[in-house]
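Number of protein chains: 2
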Amino acid sequence: MQNQGLLKELIQSLCCLPGVGPKSAQRMAFHLLQRNRDGGMQLSKMLARAVNEIGHCRECRTLTETELCEVCANPLRDAETLCVVESPADVWVIDQATTFKGKYFVLHGRLSPLDGIGPDQLGFELLEQRMATGQIKELILATNSTVEGQATAHFIGEVAGKFNIRATRIAHGVPMGGELEFIDSGTLAHAFNGRREF
Amino acid sequence: MQNQGLLKELIQSLCCLPGVGPKSAQRMAFHLLQRNRDGGMQLSKMLARAVNEIGHCRECRTLTETELCEVCANPLRDAETLCVVESPADVWVIDQATTFKGKYFVLHGRLSPLDGIGPDQLGFELLEQRMATGQIKELILATNSTVEGQATAHFIGEVAGKFNIRATRIAHGVPMGGELEFIDSGTLAHAFNGRREF
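Those sequence lines, one after another, are chains B and Y.
Each residue of the first sequence is one higher than the last, beginning at 1 in the working numbering.
Each residue of the second sequence is one higher than the last, beginning at 1 in the working numbering.
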């Protein structure tokens, strides 16, 4: 088709969403323009507000539009337990799935020297400051179980040791409901080595 | 999680996109805020512009931000052949896939009496006006091959007959590259009945 101007630009812009290719973007654009213009306008406004107003929490670095996020600002949350995660999405899933009532610290990434991501890029200075206050009794390392996530957990665990803070790592093994037949060998080997008293 | 304010509102707004549920919306929101704020801002602007500026072409009713769409405004397109489609997306796919160089007419739907969609809702008045000019020699009925699409094509074909305009229907049958084993019986029966000299 010739230059369809605005419609084509909208489709290109929609491609910036993760998991959205040209075909889905086209479908989204037509859907919004033909059936849900109000929704499209609302989305436009929310995107602009979110991009402009959402920053990082002063204490835990998660995404929030206020200076302190809800968790950090909540005096009922246990300040003695700090859960270290890679991304703000991890804070959400942990808070939704578990009964954890401590606080969080978001690294916004993982140690990856090849990509130029060292401790400075992950807010380690802020994390060390919090450890130095002596308030934290346990540091739960909930980084991903990728090689880099493990390395990051290891590194933070060593720093915690210097401050005499107990560092724990979330358990890895066979997922609940998982059938052994379909588990990858790395996970299965890990589950065997990490077996516990029944 | 407690009320995450703006972030949660953004996620809800993203759910208005077709094929996007709460999980994908969450992933999109985090992606935009963490990795592509420029893209998010650009998308916000394009959405607002598209919703405000894109309307319908005066002649063919397709989506366009100008009074006449590119196809209708193009004097090189053959005004004697008119292709009738259900949606603006169909205009795109036909223009991309075929060598059709005529003009289009977009119904924005199909006849569906149960949903209260009759000829008036599909711009039949405008279509009849164009047929009445005597300029159109062939009307290609390219509505979908659903029951309602077929009924719509049949209805328009009868009107075209009154104006002595030749009405043709796009061919239906086994898709190119399709294996007979996997074709539904309705299509196969249609392909048999519609067999042509080889």
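By construction, these hints were calculated from the structure, which means they are not laboratory data.
Using N, Cα and C, we set each Cβ at its ideal position, and we do this for glycine too.
Worth double-checking, as some hints may not be accurate.
Said to hold, decoys possible - Result set (DSS-like, lysine-lysine): computed pairs, CA atoms no more than 27 Å apart in a straight line: (1) B/Lys8 with Y/Lys137; (2) B/Lys101 with Y/Lys101; (3) B/Lys45 with B/Lys23; (4) Y/Lys101 with B/Lys23.
Stated by the list, open to error - Away from chain B, derived, C-beta distances all over 10 Å, residues of chain Y: (5) Arg27; (6) Glu59; (7) Gln135; (8) His154.
Said to hold, decoys possible - From chain B, some residues computed to sit far from chain Y (all C-beta separations above 10 Å): (9) Ile170; (10) His172; (11) Ile183.
Quick one: which hint numbers does this structure break? Sort them smallest to largest.
Checked against the structure, the hints that fail are numbers 1, 2, 5, while the rest are satisfied.
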